[in-house]
Amino acid sequence: MSLAAVESDNFEILRSTDILHGVSDATVKKIAAVARPKTVDEGETVYSVGDPVRSAYVVAAGRLRFVLGGDGRPAAQGTIVPAGDILGWAALLGDQPRRIATVIALEECRLLDIEGETLLQILDQDPRAGYLVMQRLARMITQSFLEQSTLLKGAT
Amino acid sequence: MSETQDLAFSAPRSAPRKAALIEARSKTSSCAFHAEPQEPLLYAALRAGVAVPYECATGTCGTCKARRIAGVIVGDWGEAPGKAYLRPDRDEVLLCQTRALSDCSFEIPGSANLASTTRVRPYFGRGIVARIEALTEDTVELSLDLDPALEFDAGQFAVLRVPSIAGYRGYSMVNHPGTAKQAKFVVKRKPSGAFTDWLFSRARPGDPIEWFGPLGKAIFTPQEQRTIVCIGGGSGIASIMSILEAGCSSRHFDHFEAAVYFGVRSNADAFYLDQLHRFAETFPTTLRITVAISHDVPAAEIRERYPLLAFEAGFPHEIATRDLAGRFAGRVAYLAGPPILVDVSIRMLITQGRLPVRDIRYDKFS
Numbered sequence: 245m246s247l248a249a250v251e252s253d254n255f256e257i258l259r260s261t262d263i264l265h266g267v268s269d270a271t272v273k274k275i276a277a278v279a280r281p282k283t284v285d286e287g288e289t290v291y292s293v294g295d296p297v298r299s300a301y302v303v304a305a306g307r308l309r310f311v312l313g314g315d316g317r318p319a320a321q322g323t324i325v326p327a328g329d330i331l332g333w334a335a336l337l338g339d340q341p342r343r344i345a346t347v348i349a350l351e352e353c354r355l356l357d358i359e360g361e362t363l364l365q366i367l368d369q370d371p372r373a374g375y376l377v378m379q380r381l382a383r384m385i386t387q388s389f390l391e392q393s394t395l396l397k398g399a400t
Numbered sequence: 369m370s371e372t373q374d375l376a377f378s379a380p381r382s383a384p385r386k387a388a389l390i391e392a393r394s395k396t397s398s399c400a401f402h403a404e405p406q407e408p409l410l411y412a413a414l415r416a417g418v419a420v421p422y423e424c425a426t427g428t429c430g431t432c433k434a435r436r437i438a439g440v441i442v443g444d445w446g447e448a449p450g451k452a453y454l455r456p457d458r459d460e461v462l463l464c465q466t467r468a469l470s471d472c473s474f475e476i477p478g479s480a481n482l483a484s485t486t487r488v489r490p491y492f493g494r495g496i497v498a499r500i501e502a503l504t505e506d507t508v509e510l511s512l513d514l515d516p517a518l519e520f521d522a523g524q525f526a527v528l529r530v531p532s533i534a535g536y537r538g539y540s541m542v543n544h545p546g547t548a549k550q551a552k553f554v555v556k557r558k559p560s561g562a563f564t565d566w567l568f569s570r571a572r573p574g575d576p577i578e579w580f581g582p583l584g585k586a587i588f589t590p591q592e593q594r595t596i597v598c599i600g601g602g603s604g605i606a607s608i609m610s611i612l613e614a615g616c617s618s619r620h621f622d623h624f625e626a627a628v629y630f631g632v633r634s635n636a637d638a639f640y641l642d643q644l645h646r647f648a649e650t651f652p653t654t655l656r657i658t659v660a661i662s663h664d665v666p667a668a669e670i671r672e673r674y675p676l677l678a679f680e681a682g683f684p685h686e687i688a689t690r691d692l693a694g695r696f697a698g699r700v701a702y703l704a705g706p707p708i709l710v711d712v713s714i715r716m717l718i719t720q721g722r723l724p725v726r727d728i729r730y731d732k733f734s
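Residue numbers (the working numbering), protein chains in the order written: chain G, 245 to 400; chain V, 369 to 734.
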C-alpha cells in the first residue's frame with residue numbers, strides 16, 4: 245500500500261472515532277500522517293504493567309482485553325475494548341511514565357499507534373481540537389472513577 | 369469430528385466409557401493429558417501438571433480460553449460470564465466449562481508455557497459438611513471433613529460442588545495450610561445464588577460435597593523471608609487468615625512485619641475479630657491489623673474489646689495508602705476479596721507503593 249493510501253486509510257479510521265469527533269479534517273489528516281498501522285495477533289500483549297508510556301492506540305479492528313495490573317494475567321475485572329476506542333491514553337497526560345495496566349488482544353487486531361508527544365504537538369497547533377480531545381479524556385477518566393466508586397460501594 | 373454440543377447440566381450426558389486423550393498447544397509449547405468423561409478439561413489439565421492459564425476456574429473470568437481444533441466436546445454452563453471473551457464462530461471455548469466426548473486437540477492463545485511449576489498438583493476429593501457457623505447476617509464459616517486430606521499452601525483456594533447443584537464455586541481455605549483433613553471456608557450469601565441458597569437454608573452436617581484443589585497463585589511461604597501487606601474485603605479475609613496462621617506458626621513475624629487491612633461495610637459485618645486479636649497479641653510489635661469500615665463509624669465498644677486491633681472508617685486500600693506511605697518498598701502484597709477492591713488496590717500499589725508487579729499476588733475468583 246502506498247504512503248498516501250495508508251494515510252487515507254488512517255484518516256478514515258480516525259475520522260470515525262468518538263475522541264476526534266468535531267476535530268477539523270486538517271488536524272485529523274496531520275494525525276493520520278503520523279499514525280502507524282500495527283497488527284497484533286490473538287493473545288499478543290500490546291503493553292504490560294511497568295512498560296514505558298510512549299503511544300496511544302486507536303483500535304481499528306478487533307477486540308482487546310484491558311486489565312489493571314495483572315502481570316499479563318487476564319482477570320475478572322478486565323474490560324473489553326472494541327473497535328473505535330482509544331487505548332493507552334496515559335501517553336497524552338505527560339506525567340505517567342509507566343503503564344499500570346496490561347492490554348491483550350482477544351483476536352487479531354488492527355491498531356493505529358500514535359506517539360503521545362507527537363499527538364500533543366499537533367493538538368498544540370489546533371487549540372480547539374486539543375480542547376475537544378482533553379474534554380473527552382477527562383470525561384473518560386471521570387466515568388472510570390465513577391464506575392469504580394459505585395462498584396466499591398457495593399462490593400464488601 | 370467437529371461437532372459441538374451445548375447442554376444444560378441437567379441434560380443427559382452421553383459420555384465415553386474411557387478417558388479422552390487431549391492435546392493442547394500454545395505458540396511455545398505443547399502437551400497431552402487424559403480427561404475423564406465427567407471432568408472439566410481445565411481440571412484434567414491441572415491434575416496432569418499441565419499449566420493451562422486460569423484464574424477463577426469457574427467460568428467467570430475467561431482466562432482458560434482455548435480454540436478447539438478437533439474432537440467432540442460438550443459445554444456445561446451456557447451463560448458463563450467468561451464467554452464474553454470468546455468467539456464461538458472460531459470454536460473458542462472455556463476449558464473450565466468444557467468436557468470431552470472424544471479425543472480432542474486445542475490451541476491455547478498466546479505464548480503460554482504449559483509446563484507446570486506448582487508445588488502441589490490439584491486433585492479431586494470428597495467431603496461432608498462438618499459444621500456451618502454464622503459469622504454475620506449473610507456470611508458463614510463452612511467446615512468440611514475431607515477425604516482424602518487437602519494439601520495446600522497459605523493463600524490458596526479450592527472449588528466446591530454439591531451433587532444436586534450444577535457447577536463449581538471457588539472459596540479460599542481459612543485454616544492453617546499443610547495437609548488438612550478438615551478445611552474451613554468463608555461463604556457470603558449471594559442473591560439468587562443456588563449454592564449459597566442451599567448452604568444457608570438446606571445444608572446439614574453430613575451432606576456430601578465434592579472438591580477440587582488446591583488452586584491459585586497468591587501463595588505465602590515463610591521461606592521467602594519478606595515483609596508483607598495484606599488487603600482483603602469481606603469474605604476475602606479467608607485467605608489472609610490462612611497467611612496469618614502460617615506466618616504465626618512459623619514465627620515468621622518474629623523477624624518480618626505484616627500490615628493487614630480488612631475491609632467491611634459496617635461494624636456488624638466484621639468477623640474473626642477474636643482470632644485477629646489473638647494474632648496481634650502474639651506479635652504486638654510486628655503485626656498491625658486494621659479493620660476498615662467503609663459505611664459506618666467504628667463503634668467504641670469494639671475498639672475497647674479489641675485494643676490491639678485498629679479500627680478506621682474508609683476503604684482498606686485508602687487506609688493502607690496513608691499508613692504505609694513511603695514504607696511499601698520490599699513488601700509482598702496479598703490481595704483478596706471483591707474484584708473491584710483487588711483492582712483499585714493494584715492501582716494503588718503500582719502507582720503509589722511503586723511495588724513491582726511480581727510482588728503483588730492475588731486470585732480473582734468471585
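Any given hint could be a false lead.
[Said to hold, decoys possible] Simulated crosslink set (DSS-like; lysine-lysine; CA at most 27 Å straight-line):
no., chain 1, residue 1, chain 2, residue 2
1, G, K282, V, K395
2, V, K395, V, K558
3, V, K556, G, K397
4, G, K397, V, K395
5, V, K395, V, K451
6, V, K451, V, K558
[What the hints assert, rightly or not] Residues from chain V shown here face chain G by an in silico Cβ test under 8 Å; the list is partial:
no., residue
7, A452
8, Y453
9, R455
10, P456
11, P477
12, G478
13, L482
14, V497
15, G601
16, F683
17, I708
18, D711
19, R715
20, I718
21, Q720
I should point out that these hints are in silico values taken from the structure, not numbers from a laboratory.
Where a beta carbon is used, it is the ideal one built from N, C-alpha and C, also for glycine.
Hints versus structure:
Proposed proximity of K282 (chain G) and K395 (chain V) is supported: the alpha carbons are some 20 Å apart, at most 27 Å. Taken as a hint, the K395 (chain V) and K558 (chain V) pair is broken in the structure, with Cα atoms around 39 Å apart against an allowance of 27 Å. Restraint check for K556 (chain V) and K397 (chain G): satisfied, since their Cα atoms lie roughly 17 Å apart, inside the 27 Å limit. Of the pairs offered as hints, the one joining K397 (chain G) and K395 (chain V) is violated, with about 41 Å between alpha carbons and a cut-off of 27 Å exceeded.
For the given pair, K395 (chain V) sits about 22 Å from K451 (chain V) by alpha-carbon distance, which is consistent with the 27 Å threshold. Of the supplied pair hints, the one linking K451 (chain V) and K558 (chain V) holds, its CA atoms being roughly 21 Å apart against a limit of 27 Å. At about 7 Å, the closest approach between the beta carbon of A452 (chain V) and any beta carbon in chain G falls short of 8 Å, and the interface hint on this residue holds. A least Cβ separation of about 6 Å between Y453 (chain V) and chain G falls short of the 8 Å threshold, and the interface hint therefore holds.
Given hint, R455 (chain V) at the interface with chain G, holds; its Cβ is 6 Å from that chain's nearest Cβ, closer than 8 Å. Because the beta carbon of P456 (chain V) sits about 12 Å from the nearest beta carbon in chain G, more than 8 Å, this interface hint is broken. Interface restraint check for P477 (chain V): the shortest CB-CB distance to chain G comes to about 3 Å, inside 8 Å, so the restraint holds. Annotation: interface hint on G478 (chain V) holds; nearest CB of chain G at approximately 3 Å, less than 8 Å.
Interface hint at L482 (chain V): violated, since its Cβ lies 13 Å from the closest Cβ of chain G, which is beyond the 8 Å cut-off. Residue-level restraint check for V497 (chain V) is violated (minimum Cβ-Cβ distance to chain G is 26 Å; threshold 8 Å). A least Cβ separation of about 4 Å between G601 (chain V) and chain G falls short of the 8 Å threshold, and the interface hint therefore holds. Taken as an interface hint, F683 (chain V) checks out: its beta carbon lies about 6 Å from the nearest beta carbon of chain G, inside 8 Å.
The criterion of a C-beta within 8 Å of any C-beta in chain G is met by I708 (chain V), whose closest approach is roughly 4 Å, and the hint holds. Given hint, D711 (chain V) at the interface with chain G, holds; its Cβ is 5 Å from that chain's nearest Cβ, closer than 8 Å. For the restraint placing R715 (chain V) at the interface with chain G, the shortest Cβ-Cβ distance is roughly 6 Å, inside the 8 Å limit, so the hint holds. With a least beta-carbon distance of about 5 Å to chain G, the hint placing I718 (chain V) at the interface is held under the 8 Å criterion.
Taking 8 Å as the C-beta cut-off, the interface hint given for Q720 (chain V) is violated, the closest approach to chain G being about 11 Å.
The structure does not agree with the numbered hints 2, 4, 10, 13, 14 and 21 stated previously, though it agrees with the rest.
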